[in-house]
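If you're matching them up, the sequences are chains A and B in order. Oh and the first sequence: position 15 is 15 in the numbering used here, straight run, nothing missing. Oh and the second sequence: position 88 is 88 in the numbering used here, straight run, nothing missing.
Take the hints with a grain of salt, since some may be wrong.
For lysine-lysine, the following DSS-like pairs were computed, each having C-alpha atoms within a straight-line distance of at most 25 Å [said to hold, decoys possible]:
| hint | chain 1 | residue 1 | chain 2 | residue 2 |
| --- | --- | --- | --- | --- |
| 1 | A | K335 | B | K91 |
| 2 | A | K292 | A | K452 |
| 3 | A | K334 | B | K88 |
| 4 | B | K88 | A | K32 |
| 5 | B | K88 | A | K341 |
Stretches of chain B that chain A covers, calculated by requiring three or more beta carbons in the stretch to come under 8 Å of a beta carbon on chain A [stated by the list, open to error]:
| hint | region |
| --- | --- |
| 6 | 10-24 |
| 7 | 29-36 |
| 8 | 39-47 |
| 9 | 53-64 |
| 10 | 75-87 |
No lab work stands behind these hints: they were computed from the structure. Only a predicted model underlies this, so the values are computations on that prediction, with no experimental measurement involved. From the three backbone atoms N, C-alpha and C, an ideal C-beta is built for every residue, glycine too.
Okay, here's what each chain looks like letter by letter:
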Amino acid sequence: MTFGLVQLAYLVASALFIFSLHWMNTPTTARKGVYAGVVGTTLAVVATWAEPSVGHHLWIIGAIALGFVVGIPLSMVPLTAVPQRTALSHAFGGVAAGLVGTAEFYLRLAEDPGYLTPFRMTALIAEIILGYLTFTGSLMATGKLQEVKWVPQRPVTYPGQNIINVALFGLALVIATAIAINPTAAWAPYAFPVIIGLALLFGVLLIIPIGGADMPTVIAILNSYAGLSAVAMGFVLDSKLLITAGALDGSSGLILAIIMCKAMNRSFTNVLFGAFGQVQQAKAGGEEKVYKSETIEGAAQVLEQANFVVIVPGYGMAVAQAQHKVRELYDQLKKRGITVKFAIHPVAGRMPGHMNVLLAEADIPYTDLVEMDEINPDMPQVDVALVVGANDVVNPAARSDKTSPIYGMPIIDADKARSVFAIKRSKNPGFAGIDNELYFSDRTWMLFGDAKNVIGELVKQLAGGSGMH
Amino acid sequence: MTSDMWATLYVFVLASFIGLGVIRRVSRLLHTPLMSLTNAISAIAVVGAILITGGDYPLRIRLLGAIALFASMTNIVSGFLITDRMLKMFKTDQKKPAANGVDR
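So that you can see chain A by itself, here it is in the shape it has in the complex (with noise of 0.2 Å):
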């Protein structure tokens, strides 16, 4: 009977779960969604916790509050610092599916070896390989990605390391078969924490070779890691509830993963393993460019005899602070009745979607926030294009320069714009180190400043009219 109620309870809860992600197909249900799983994870929890086997109930309020106490403040971090947070989030998924593994092996060996078949045992050592190994990358990522002192931003290479990354790789597969093949022979014990250690081991070495400017992908990598290795410990426990989730949140990754790496026109094995954004050197030297800088003043004045204009907004937007200001600079265009859109590129954040979330978050409406494939057929018509902190995703090396190393990247065509407005802090290249060449567009004006200051500048003009100054 109890055993019918906790299973119909799991039943319904994976019914919501797979309801809570459906209605994330529009922003007007999506908070829905929200609900959705969280009475589903209540439901789950509520059962299992009520399991007349479960005692120990003070250990497990008290892990449950500091769940709390942790989860709360991570919830609140500001929208800039969420890949970071979802990276960590990744990490506690990983080692929590871990640490059940290891306990699961322990536990099993000591008091009941006949349920560590050679199905269970190969499942066990999936979870503990993908949970451990999703841990320390994701740690890494989080560093990267919150640029800790002591975690390389660049990317780390050295002679041979995808031969020792197989070789270890290899190591601890080699360890995996024997023991999942014997799990009750006598070095076993003593066998598994080696596989716990290449795990972990593993994980850093897969994340040091990858540049900043892959992390999106890494990340949504990462992320059907940490649901794989749910769906594992699913598999060990014979939990039909843990695949269906970890199965959900395993497709999520791989489907965010496959976008990334076409909005970058890069392959899963190039991302993995090609150490992307490695400072250009071929081109350095030769003829110096120079830049057409313009007032502000004179933006002003062309923006507002502008008819369509397009803002192509990228992560320096965001570490300039300047997206309440670009806020500003959308209503003193649209007061004039000038067609204002956002044009988005996959991978103009640092995670999948976030460009959207900043400019939501500054009260842009989303019907505004255009995607990339969306917007370039109209980029002709477009009056102005103004690019604020954005630098590879317009780059038109990536249409014609074969050298480039951004060479087949989608991108968002700003240069065909009747007349481009770059805002850019410095003359240093961009994320990925390379040089730009829309900035030398004989239809390109540079405004030079930080970007929250150029548009604060802007909206002062348009706002004050000719009687400024």
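Place chain B on chain A using the hints.
This is chain B only, laid out in the frame that chain A set:
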């Protein structure tokens, strides 16, 4: 392999297809909240942690369970809260009356 194990494999395959189908239709606007939501949902691994923490097992085993329980719970709490916080920000048009007041 028992039929039970086959059943779990079926669940995995079918759930993966449902996942791919449902996630593909998620609005691109919402990919960041989607990630924090799936994060919270997959933290349902908390049930495994509860069974181990609450079982009549040696202390060190339960300790591992309790740490896992804490980690999963952190993901559940922060995942759902931050997803909702982000989703609240997505509005259609500032001119509609809904914007002046409620969510600020």
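Next pair to validate is K292/A with K452/A; report whether the Cα-Cα distance is within 25 Å.
21 Å, holds
Take the region 39-47 of chain B, compare each residue's beta carbon with every beta carbon of chain A, and decide whether three or more fall closer than 8 Å.
This one holds; 9 residues, not fewer than the three required, reach chain A with a Cβ under 8 Å.
Are three or more residues of the region 75-87 of chain B within 8 Å, CB to CB, of chain A?
holds (count 13)
Holds or violated: K88/B with K32/A, Cα cutoff 25 Å?
11 Å, holds
Residues of the region 53-64 of chain B with Cβ under 8 Å from chain A, three needed, outcome:
It holds, with 9 qualifying residues against the three required.
Hinted pair K334/A and K88/B, Cα distance within 25 Å:
The hint holds at about 23 Å.
Assess, step by step, whether the Cα of K88/B is no farther than 25 Å from the Cα of K341/A, and give holds or violated.
21 Å, holds
Check whether three or more residues of the region 29-36 of chain B sit with their beta carbon closer than 8 Å to a beta carbon of chain A.
holds (count 8)
Counting residues of the region 10-24 of chain B with a beta carbon closer than 8 Å to any beta carbon of chain A, are there 3 or more?
It holds, with 10 qualifying residues against the three required.
Has the given pair, K335/A with K91/B, been kept, meaning a C-alpha gap of at most 25 Å?
19 Å, holds
Figure legend: structure checked against the earlier numbered hints; every hint is met.
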